[in-house]
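J.: So you can see what is in the structure, the chains are spelled out below.
There are 2 protein chains.
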Amino acid sequence: MPRVAAIIGSGAIGAGWAARFVLNGWNVRVFDPDPATPERVHAVLARARRALPGLGDVALPAEGELAFCGLISETVTGAEWVQESVPERLELKQTLYRKLQEHAGEETILASSSSGFTPSDLQATSNNPGQILVCHPLNPVYLLPLVEVVHSDKNHPDRIDRARETLAEIGMVPLRVRGEITAHVADRLQEALWREALWLVRDEVATTQEVDDAIRMGAGLRWAQMGPFDCARIAAGPEGMAEFLRRVGPALNWSRSKLTEVPELDAGLIGRIVEQSEDQSGHLSPEDLEDRRDRNLVTLLRGLASQGWGAGVALRRQDEARAERRAMPRRMADLDDPARPVLTVDRAVPLDWLDVRGRMIEARCLEAFGHATDRMLEIVGSAPGDGAAEAGFLTEESHIRHLDTAPAGAPLRIDSRLIVGDGTRMHLWHEMTSDGRTLATAEQVLLHVEFATRTACEAEPAVAEAMRRLARAQAALPAPEGAGRALGAPREVTRH
Amino acid sequence: MPRVAAIIGSGAIGAGWAARFVLNGWNVRVFDPDPATPERVHAVLARARRALPGLGDVALPAEGELAFCGLISETVTGAEWVQESVPERLELKQTLYRKLQEHAGEETILASSSSGFTPSDLQATSNNPGQILVCHPLNPVYLLPLVEVVHSDKNHPDRIDRARETLAEIGMVPLRVRGEITAHVADRLQEALWREALWLVRDEVATTQEVDDAIRMGAGLRWAQMGPFDCARIAAGPEGMAEFLRRVGPALNWSRSKLTEVPELDAGLIGRIVEQSEDQSGHLSPEDLEDRRDRNLVTLLRGLASQGWGAGVALRRQDEARAERRAMPRRMADLDDPARPVLTVDRAVPLDWLDVRGRMIEARCLEAFGHATDRMLEIVGSAPGDGAAEAGFLTEESHIRHLDTAPAGAPLRIDSRLIVGDGTRMHLWHEMTSDGRTLATAEQVLLHVEFATRTACEAEPAVAEAMRRLARAQAALPAPEGAGRALGAPREVTRH
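Protein sequence lines correspond, in order, to chains A and B. Heads up, the first sequence is in our numbering, so the first residue is 1 and it goes up one at a time. Heads up, the second sequence is in our numbering, so the first residue is 1 and it goes up one at a time.
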């Protein structure tokens, strides 16, 4: 029974929430009086469909259903989660919550995307204030993992926990904010920087392009993986944090009066920013800018996942949880029928796996086949582990046939067979398909060696036995088409 | 004749500069009275040797020589560039510059890493103020590209240009700061955020961990690829920047008094930060933290390069310049001897191409071989280009033998041969070596097709002719060992 989320307000934030919920298998109902709502939400969903499914290494659940409702009652009734993302006007929100609460179930979580108002602000005129929380995301909601969870003393801890669990289940990283302050945590930090940026442009010290480059060629790169306190810790070095802070502390008080005043966004400054921003990025359409941003974010996030760091840790954890829910085989005992090929990869094509022509990059194919091989190793009990082992399987050869391609977000699965399996040698066959179409095949030969000397040696008896069992069971399958071919053997070529 | 850089002061920043100059082929002389200087500089250089050479796709020049000098005179005489990175004390720096200028040539650029002082501050007591500029980098200097170039009206435009060119040549992205203000641009932006972070910890709204996560799970990811003005442009959406700014402007003036005051770093706050930072990252040694940071930054930067965006654009530009300087062949006419294998890849192993055991990841091998194939296509005149072409070569098969591995930063070259080349089919052989050791070989078969239908068709006559010429010239080479083998063909296996 799919879970139901109600989305109230469908600007960029609301539409982003709708996309994230739908792509995580929830049925989603959207309410927004603006007649452009379906078009806007579908545009965001199309973008999210390309970016989110392939962000991790395990497929998302089947998409939920998306519906547009004309009444709050039909939107909210039966919904487990209601996400409010209407304009930042307190009375508007308070009135809305009273209306939502006429139809929301007792257990329903009413979450506000509000960047400025506190839960107490939003709860002030409600009869059931404990239902209302703040769950404040960043744009694009379907990609950036951070969501700040803010509560008042009227929210029960169980509800707060349930909210955080739900947000984690849809792939987010909930940050519990300890107090109620305007702009919470993330936006206060961003706004401090934004205010300084405005001063720099106002005082003609930098253009909008130069401010942006000062960030994205410098501290922005650092901040994608470590925040200001970890950066300070590294800067402190052998001196240590305490001494470092004592030393740099006084600099905060230098007469930098501008750092602490609020610049006025008058017509002159607005005009200058508009003009400079147009010079900077006017050559890209709004859609192009969002396309580039999404590709960049997917690349950055997958990079952090490959390093097991920062936001990437959350991605890996989500992959583990999804693999569990999809009951992907992890050991011999998980194989329903060892005589059948094993499902080793079940994912979607990442946004950054395609070249300029929209074709899957060959090296990325091998990356996916590498994951399939790792899964087979895990199944026979010889997982790569943490690198401490002295012996294990090394890949000696890979032979890949590149047959077809699939677009970003398309499903991608690999089914694998153990062609030869004894205590020393593993010969694998992998078939990569998307919706039944074969995209590529790969053969890999691995040898069990002592890593230090690269000398062949027998695997542990349990592993050797598992390999023999699996190879025997799968020996009855017909020989895979294309296996064992030498590269470049003549074949039929269709000509003009 | 190698160029000479003098490094005055060898803390993290000075040592980082030394590493970047040395790895870009400059001879470097370091002056710092601290007896721990050589140990410290060598530690930073070791780290940089793993991270910087493989950051781009083209090898750096041969390393320069590193020397430690006991006198300013011998450090500075004959140096083209002098980088000063001593503690932030104005009189100390001013005295130092008078000393440096006793020995610096007239054309020598005296650059200060100062984060706080302006060029006018530093020039105030000099007889030759126009020699002194500010070139302010970020830590780690050997990885982060941003360097702010700040000048006064006493600096000649030619000198400023020369400084920027030199910085670009050593792989940095110089940002010309338009005025003289304390902390320039980048640090003002960072400090605004830092000040807010201190308030949040002081007021117990967030711990150091929570502040850092609020950044690196959210805006930090955005800022690695787009700065605050581009992010605002996207947020403005169809509303447009002007209307967006008018709408959000007033929020800056809300009573958020804390946003505009300077927090006092008293003993209590220092103690709290030290304790929370220890909780957050005390489980990692300082070396581990820097190792992880370097791997993360390399991954993020190479990701942006693969997307042709932000800091990645600079990396690609630097690759182009290095490929030119190394005279890597780009077309048939560049081949000194078409009968010899062609040097198609000349690079170093990136820090993030290794698995937990320090072995090169197979998919990354194929990534390098993909670059080699792209270079061969370019040489015969069939470059992949911008994706607009309707026909071209598609890779049909890849066969890779994985033989050995090399550590991060080690040289990596690929020499390629055209085994078969006619108007329709290209059969390539690539050999990957590091210091003469064979790491891997690859065969690739490509077919010239109409992309839309994947139907074979003849390449343009010039391309077909170039392919035939090259294949004929190289036919006299002995057959490559291992070419044309079917996967898994029996071979000698050394056993325990």
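Each hint should be verified, as a subset may be incorrect.
[As the list claims (entries may be wrong)] With beta-carbon atoms standing in for the labels, derived distance ranges:
1) Arg326(A) / Glu204(B): 56 to 66 Å
2) His283(B) / Pro238(A): 15 to 25 Å
3) Glu39(B) / Arg176(A): 40 to 50 Å
Calculated directly from the structure, the hints in this document are not laboratory data. The C-beta atom is built at its ideal place from N, Cα and C for all residues, glycine as well.
J.: Are there hints from earlier that the structure breaks, and if so, what are their numbers?
T.: 1
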